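Chemist: Just so you know, we're using the numbering used here here: the sequence shown kicks off at 1 and counts up by one.
Do not take every clue at face value.
List of simulated lysine-lysine pairs, DSBU-like, C-alpha gap at most 35 Å [what the hints assert, rightly or not]:
{"hint": "1", "residue 1": "K135", "residue 2": "K38"}
{"hint": "2", "residue 1": "K219", "residue 2": "K135"}
{"hint": "3", "residue 1": "K179", "residue 2": "K94"}
{"hint": "4", "residue 1": "K94", "residue 2": "K38"}
{"hint": "5", "residue 1": "K135", "residue 2": "K94"}
{"hint": "6", "residue 1": "K219", "residue 2": "K179"}
{"hint": "7", "residue 1": "K94", "residue 2": "K219"}
{"hint": "8", "residue 1": "K135", "residue 2": "K179"}
If you are wondering where the hints come from, they were derived from the structure by calculation, not from laboratory data. All values derive from a computational prediction rather than experimental measurement.
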Amino acid sequence: MPNNITVQQSLSSLPDPLVQPVYLGYSGEQPWSTRRIKVAQHLLAESPVLSGFEEALVRQVDDLQELLGDEWSWIGVGRDDGVAAGEFNPIFYKNSAITLISNDTFWLSNTPFVPSGFPGAGSFRICTAARFELKTSPSGQPVRFSHLETHLDDQSDAQRRLGASMLLYRARYEAFTTKSPVILTGDFNSESTGNTSGAYQIVTGVIPPVAINETFAQKYAVPNGALPGFVLQDLKGRRRASPSLATTRRTPGSTARATRRFSRGLISCLAGAMGSGPRMLIELGRR
1 MPNNITVQQS LSSLPDPLVQ PVYLGYSGEQ PWSTRRIKVA QHLLAESPVL SGFEEALVRQ
61 VDDLQELLGD EWSWIGVGRD DGVAAGEFNP IFYKNSAITL ISNDTFWLSN TPFVPSGFPG
121 AGSFRICTAA RFELKTSPSG QPVRFSHLET HLDDQSDAQR RLGASMLLYR ARYEAFTTKS
181 PVILTGDFNS ESTGNTSGAY QIVTGVIPPV AINETFAQKY AVPNGALPGF VLQDLKGRRR
241 ASPSLATTRR TPGSTARATR RFSRGLISCL AGAMGSGPRM LIELGRR
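Starting from the given sequences, assemble the full structure and let the hints guide the process.
Modeler: Structure, rendered in structure tokens:
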């Protein structure tokens with residue numbers, strides 16, 4: 001299928017659902033004009049109210065918004081200029097279920113408040129940060145939470161460690177300021193062990209963070225002694241608890257206290273939906 005066709009042309013090319021599909025043995029990455037329908041179908045089928053993406057170009061974000069319709073909105077910027085150039089880390093959210101309170105973007109570099117890259121990194125790297133409120137909850141009370149969506153570098157371990165340190169620092173600030181859960185989603189290019197594990201081990205508290213930009217540190221500082229030992233809990237390997245729980249998984253009795261404040265079907269992170277299938281983690285801040 002050509003890659004320069006419209007969303008409507010992609011929809012028109014879908015096979016008759018009553019006809020048995022033929023497996024053609026496709027391999028490798030398919031054009032976005034083919035993948036976008038499946039991405040939207042997957043998201044709608046899983047029924048989350050919040051979804052983070054990586055490697056999304058402006059066309060892909062716009063196409064997904066068109067496919068999902070007015071029931072969904074999104075936030076984010078292009079990492080190369082802070083507007084529309086380069087890849088986005090967008091957060092999509094369902095308007096009927098979630099209210100956006102605030103959002104911002106920062107760069108995972110030594111100059112985090114302007115479009116910039118870390119020396120030796122393959123690309124500019126960003127974090128899309130947002131505060132949300134669930135419109136309804138099991139308790140009937142408003143439930144607020146923060147969501148950080150990111151993509152760490154695939155080439156520079158030093159950038160991944162810096163980015164992880166900044167993410168952990170910002171997550172602690174969000175947890176302290178809002179007294180609410182913090183969710184971190186993204187492609188970290190970092191395994192739990194081995195020579196790429198630095199970023200993972202920093203956010204989970206195995207090793208200490210590295211030094212970060214002083215202006216960033218001052219802006220997101222918490223009082224001395226607040227939330228000592230704050231780390232993030234890896235939920236990727238947890239067992240699926242419900243068909244409506246798109247990616248967040250947990251085992252009975254092991255869920256962090258903050259996690260239970262969310263209703264099922266809250267979060268979906270489609271790592272690799274825009275690109276070629278990067279690794280993905282979902283984590284919740286805890287003391």
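Chemist: Between the alpha carbons of K94 and K38, is the straight-line distance 35 Å or under?
Modeler: holds (18 Å)
Chemist: Assess, step by step, whether the Cα of K135 is no farther than 35 Å from the Cα of K38, and give holds or violated.
Modeler: Given that 35 Å is the threshold and the Cα spacing comes to 28 Å, the pair holds.
Chemist: Within a Cα-Cα threshold of 35 Å, do K219 and K135 meet the stated pairing?
Modeler: Holds - the C-alpha atoms of K135 and K219 are around 29 Å apart, at most 35 Å.
Chemist: Within 35 Å, alpha carbon to alpha carbon, are K219 and K179?
Modeler: holds (18 Å)
Chemist: Is K135 within 35 Å of K94, Cα to Cα?
Modeler: holds (10 Å)
Chemist: Has the given pair, K94 with K219, been kept, meaning a C-alpha gap of at most 35 Å?
Modeler: At roughly 30 Å apart (the allowed maximum being 35 Å), K219 and K94 satisfy the hint.
Chemist: Straight-line Cα separation of K135 and K179 no greater than 35 Å?
Modeler: This hinted pair holds, its Cα atoms lying about 18 Å apart.
Chemist: Given the hinted pair K179 and K94, is their alpha-carbon gap at most 35 Å?
Modeler: Holds: K179 and K94 sit about 23 Å apart, inside 35 Å.
In summary, the structure agrees with every hint in the numbered list given earlier.
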